[in-house]
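Working from the sequences, and respecting the hints, build out all of it.
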Amino acid sequence: MTNFGRLFVLPMTALLAGAVSSVPIKQETVVLWHTLDIVPAKFLQTLVDEFNIDHFPKVRLETGMELTPTLITSIEDSEQPPDMVLGPADLIGLAERLKFSEWKNVGFNVAIRPEVLRSVQHRGKQWGLPVIDGNHLMLYYNDDLVKQPARTWESLGKEVSSYTHKSKHGIAWFYNDPYVFFAFAAAFGVRPLDFKGHINLGPESLRQAFEFYRRMRDIGIVDPQCGYGCITGEFYKGQMPYVINGDWAYMDAKNALGDKLRIASLPSIAGQPMRSFCAAHLLFFPAQSLSGRYRKTLLAFAQFLTSSEVQRRWYGGANRIPVLSDAFSELAKQRDSNVTAMLKALNEAVRIPVAPAMLYVWPAVRKGLALFNAGTQSSTEASAFVQQLANEQYRAEVL
Amino acid sequence: MAARSFRLQIIALTVLAATVPIIMLGLPVATRFSSLARDSSARELSLVAEKVAESLANRLQLIVLHASNLRSDSDVHRSVKSILFLDRADLLLGEFLNSHDLVAEVHLLNQDDKQLTAAPLTTMMRPLPNEMRGLMRDAAGNIAERTSLKGYFIMTRFPDGTFKADMASPPNPRKDFSRGDSGLALLYVAPIVGLMNQRSGTLIAVMPIERILAVMQGGLTGPTRLDLLQGDASLLGAVKVPTTEEIMNASASLQPDFSDPPLAQWLVQIAEPYNFRFASVQKTFFLVVALLLVTLMVLAGVGFLAARWLIQPLQTLTSYVGQFTKGNYQAVKPQARFFEFQKVVDTLDDMGKKTLAHIEAEKARLGLELNALRNQMGPHFLFNSLNSIATMISIDPARAAEMLEKLSSLYRLILDSSKSVLWPLEHEIEMVGHYLALEQMRFGKRLRYTIDVGPEVKLLRFPPLLLQTLVENAVKHGVARSREGGAILILVEPNTVLGYRLAVTNSGSPLNAVQRISDSGGTGLANTRKRLDLLYGPEHGLAIKSLGSGETMVEFFFSASPKTFD
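Sequence lines, in order, name chains A and B. First residue of the first sequence: 1, per the working numbering; consecutive thereafter. First residue of the second sequence: 1, per the working numbering; consecutive thereafter.
Treat the hints with care, since some could be wrong.
Under the rule of at most 16 Å between Cα atoms (straight-line distance), these lysine to aspartate or glutamate pairs were calculated in the EDC-like manner [what the hints assert, rightly or not]:
#1 A:LYS158 <-> A:GLU79
#2 B:LYS333 <-> B:ASP350
#3 B:LYS114 <-> A:ASP336
#4 A:LYS260 <-> A:ASP336
#5 B:LYS81 <-> A:ASP218
#6 A:LYS237 <-> A:ASP143
#7 B:LYS114 <-> A:GLU397
#8 B:LYS333 <-> B:ASP349
#9 A:LYS99 <-> A:GLU79
#10 B:LYS458 <-> B:GLU493
#11 B:LYS81 <-> A:ASP336
#12 B:LYS81 <-> A:GLU392
#13 B:LYS81 <-> B:ASP113
#14 A:LYS237 <-> A:ASP144
#15 A:LYS147 <-> A:ASP259
Partial pick of chain A residues on the chain B-facing surface, computed with a CB cut under 8 Å [to be verified]:
#16 ASP218
#17 ILE219
#18 GLY271
Calculated from the structure, these hints are not laboratory results. Just so we're clear, the structure is a prediction, and the values are computed from it rather than from any experiment. Ideal placement from N, C-alpha and C gives every residue a C-beta, glycine not left out.
What follows is the structure, encoded as structure tokens:
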């Protein structure tokens, strides 16, 4: 280079370098939405922090929103949809509407438990990657107050009415939550969808379920107004013998009751087993995010979450059941009666349907249950109302 | 003019001074106060009605605004199309319901007028009555004429849970609207309009009249009745005239929405029992009157007692002075309440004692004088008279006996004269007559006398021996000193000076200068003068006059009422 060139090029280079360095670098992140409870959310943040050490762009968690409608709004109104969503399996029903990326040809395999994998297929496609399993209901009880957990509702009813402890009621659950109601309704043969994926709750079965459900309230076994308060207040303080709650609450209960906490399967009703739903949580990629610029990071994060090492940590860190087969096997080998009971309850639960129609069942059941419990509608009317509302809305929106 | 009672005057003045102003001022003030209170209450009611109307209009406008925002909310738009957003819609409707105490229900309907949800959920109505559907279609038809802010007010009747809708335009007065138990309700029916200005759903906010009235009534105190009347004042005609039992007033018409012309107009009318607000006024009024009366009585009593208290020293004084006027100078000295009165009492007491001493002294002195005077007539006259009688016995025994009788009568009269300071002039004349008769026995024709005293005068009370002294002097100094002797005239007649005049005129030896001034060689005239001074004061005018031609007259004046010391 000539001296003139050096004189020209070098300063120009320096000038350009300075100009470039003075331009601020945009902090790029990929956003993950989730609706996990406090303990698993905290654990997830821990994992994200670990992942972000070696990856760019960073993963940022957002939570607290009402997942389904917010997702729909963000997609349809183009309001900055997230790059990933960690949500329950029934979100698969909105796969098309939310433009989920199909999980295929991702470049790595994950040894997911077969039953989990089957539960997340819809029309032969997989719309996300299962990360954790569970989300099922169990019968929690206090070992000091209950020597042998009730196996039927008949015996449980007698048992709770004879208690002389401080609690007004012997058992509590989120009475108005349709997720819990469905566990009872299942004992009466209520299935939300038929084999074609259409809504068919079975009006008579549903009616009977409504009747039983209300009877539990009327005879004083349960207080519909005392759900969260009774669970965290009386049961956690050792004053209530039983609660029905999901596996997501196990760590809180364990911290409260310690060794007195026990798990059992849900009691049967008139010889018929209660069947809770269970659902895996999948990592979804809305708005076709896997096809976007952050594909590499997203896949790396997915792989991270489903790695053996991380999967083994999910139960210990957040009491969430791993989806990876070997991690699950190791968990199952634990000599912990509660773990055994939890996995047993999971096995007894019914995988939540992932057909789109399922999403229309929840609000309809919630409405029908509320109207029935308020006395506005009879069990027959409420049953018919639920069926009609769910079907009408499903047909109007989807079909 | 008869004297008035000072005490009663004081009492009357005190009571009048205390009570008249109160009576004259109290009643008009109380009446005016009552009138002002009435007017003020009516004005206050109108302000209350305006305030309530304004509050209601503001609440309704807030409802309209909030509902307008809801209609524009994307979640609400989605919720009428997708059940997946129903939970969000429930949340928004719940917030709407909790934000507006006038709203009892909020309903969300889809495009086909099917109920999707409601707050509270128990108020879901399915199926929707036909009248309502008709209204929805009418509302849809009118959308083009209204902006997104506008909604509809429709009055609805809810007897026994059934439902009936009436269009409120044009507004017609309906009496039932003001009744809280009529079951009427206001419905704000707002179409949910999508991007293409197509109605995609309907929002209905239900406001029962009883709730509206209850909320509005909650801001009032006391037994006040509040009515919501449909229509403006011109449509309703005159606002109801208040009865005598209540005060009533109404607000200006309120228009709850932004429409022009308004779809609905109302009046807030407030009625209050007359006694409610005026109970306290009346109570105060009666209390004031009662207090006035009590004050009057108290003041009258206080005035009376004060007057009595003030007058009591005067009464004491009056009573004490009264004793003096009765001549009781020895009355017990009272104790007066006040220093000034006590001084008067002390002075009177002192005067009384001095007067009493003076009287006693005079009594004694007069008594001594009288005795002295009596003693003057003693020895010589008796000696001479007895000698004359003794001589007469041998010459004229009958005449001697007569003279002796006259001498006896004379001394009997002299004895009688010592019994009192005054005696009838008749006795004095009789005594003088006996004396002159006896002297005439001694002087014979040398002594001539005439006594000229009218019968009416003889009854006057007269000092004894006073005329006797003058006649004695006339005989001694006039007749006895003249060779020819003389005549004595004794005259007593009425006179204007003191009432009466007594004159003793004698001829014979004239009165010399020394005898005019004093009675030389004797104390008779001097004593006479003193006695006259004491009895009649200086007005007696005792004078000795020489009348010429050897006549001497001694005269004085006297009254019928001398100062007696009996």
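Going down the list of hints, with the structure as the test:
1. A:LYS158 <-> A:GLU79: Given that 16 Å is the threshold and the Cα spacing comes to 54 Å, the pair is violated.
2. B:LYS333 <-> B:ASP350: holds (10 Å)
3. B:LYS114 <-> A:ASP336: violated (53 Å)
4. A:LYS260 <-> A:ASP336: holds (13 Å)
5. B:LYS81 <-> A:ASP218: violated (36 Å)
6. A:LYS237 <-> A:ASP143: holds (13 Å)
7. B:LYS114 <-> A:GLU397: holds (15 Å)
8. B:LYS333 <-> B:ASP349: Answer holds: B:LYS333 to B:ASP349 is near 7 Å, not above 16 Å.
9. A:LYS99 <-> A:GLU79: Given that 16 Å is the threshold and the Cα spacing comes to 14 Å, the pair holds.
10. B:LYS458 <-> B:GLU493: Distance of about 10 Å is within 16 Å: holds.
11. B:LYS81 <-> A:ASP336: violated (49 Å)
12. B:LYS81 <-> A:GLU392: holds (11 Å)
13. B:LYS81 <-> B:ASP113: Judged against 16 Å, a Cα distance of about 12 Å means the pair holds.
14. A:LYS237 <-> A:ASP144: holds (12 Å)
15. A:LYS147 <-> A:ASP259: It holds: about 14 Å lies between the C-alpha atoms, which stays within 16 Å.
16. ASP218: violated (18 Å)
17. ILE219: violated (23 Å)
18. GLY271: violated (34 Å)
Of the hints listed earlier, those the structure fails to meet are numbers 1, 3, 5, 11, 16, 17, 18, in rising order.
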